[in-house]
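Below are the chains, spelled out letter by letter.
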Amino acid sequence: MNIQTKLFGTLEIQAETIIEFIQPIYGFEDCHRYTLLVDEELGSDLMWLQGIDQPEVCFMVANPTALFPEVSFQFKATETVLLKVKDTKDIDVLCIVSLGEQFTDSTVNLKSPLLFSPEHNLGMQSILDQDLPLKAKLA
Amino acid sequence: MLVLSRKEKESILIGDGIEIIIQEIGKDNVRIAIVAPNDVKILRKELLENVKDENRSAQIQADPIALKALLRQRKNNESK
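These protein sequence lines are chains A and B, in that order. Going letter by letter, the first sequence gives residues 1 to 139 in my numbering. Going letter by letter, the second sequence gives residues 1 to 80 in my numbering.
None of these hints come from the bench; they were simulated from the model. Idealized CB from N, CA, C, for every residue including glycine. The reader is advised that the hints may include incorrect statements.
As the list claims (entries may be wrong) - One side only, chain A facing chain B, incomplete, derived with CB under 7 angstroms:
(1) 6
(2) 58
(3) 59
(4) 77
(5) 109
Okay, chain B solo, but in the shape it has when bound:
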């Protein structure tokens, strides 16, 4: 891992098309601006972890019989 010190308004270049600019240094956080090509994904890491957890918990685990019972509940709810 490379660790660099930067001041406000200074930036870092990564590869040919990515620039990371330190816009503002606050007491508890840092505001960063990112310039990157259209096909580069930029994500907050903790959000990615939340999405992974959500996907994992959404994967169908129920056996088909339990699932059928669950879906029948839906039908009953709709016909009410």
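Pulled out of the complex, with its shape left as it was, chain A reads as follows:
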């Protein structure tokens, strides 16, 4: 299927790459479906999360395991239930990046990561009880 994107015009994507957010990203309640776009320019630890219901909605997302190896996220039972996974090990995590004026000013939201169930193509934004920063320095 073809989708409109914020940065790359019209793109063709496979239906199975569509992620249904069972709870929309907070503040973006009208956008339920997203797809992840890999971009050579970003390398392997950063990607784009493109809204399908609202093409103007697009986030840069980061792989926290690679960029913040010291952080270990503790998920709640609620999250495994909502994402329909048996174990928290089956949850993939990405964090929203907030780009700064300079790239080195950019920050990563570790407090409320995006959780995914790759098996069911489901996603949600969590707000963790852990004491983690909303704005962790990316660089």
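Based on these hints, arrange chain B on the given structure of chain A.
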């Protein structure tokens, strides 16, 4: 809106599975215990507002040209 008065250790039931217990009443705050099913989200409201603001400010606004320039900075930083 329903407003109820409760004393310490008293509780309120909401629906079939939610109980809100007033554990302790302090001078400036109240300690509350919540019993709820696994699929019920419980959040501090001000934290939710902070997350919304953070999400809104993270939404990509830059035009592709400015964004490319920003990403080039990253490449330059990495190659240093």
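Query - Interface hint for residue 58 of chain A, Cβ within 7 angstroms of any Cβ on chain B - result: It holds, given that the least Cβ distance between residue 58 of chain A and chain B is near 4 angstroms, below 7 angstroms.
Query - Interface restraint verdict for residue 77 of chain A against chain B (beta-carbon cut-off 7 angstroms) - result: holds, 5 angstroms
**Report entry** chain B contact restraint for residue 59 of chain A - C-beta distance below 7 angstroms
**Finding:** Status holds, d = 6 angstroms.
**Report entry** Minimum beta-carbon distance criterion (7 angstroms), residue 109 of chain A to chain B
**Finding:** Holds - the Cβ of residue 109 of chain A comes within 7 angstroms of chain B, reaching about 6 angstroms at its closest.
Requested in this report: Would you settle whether the hint for residue 6 of chain A is holds or violated, based on the nearest Cβ-Cβ distance to chain B being less than 7 angstroms?
Outcome: This interface hint holds because 6 angstroms falls under the 7 angstroms limit.
Every hint, counting from the list given before, is met by this structure.
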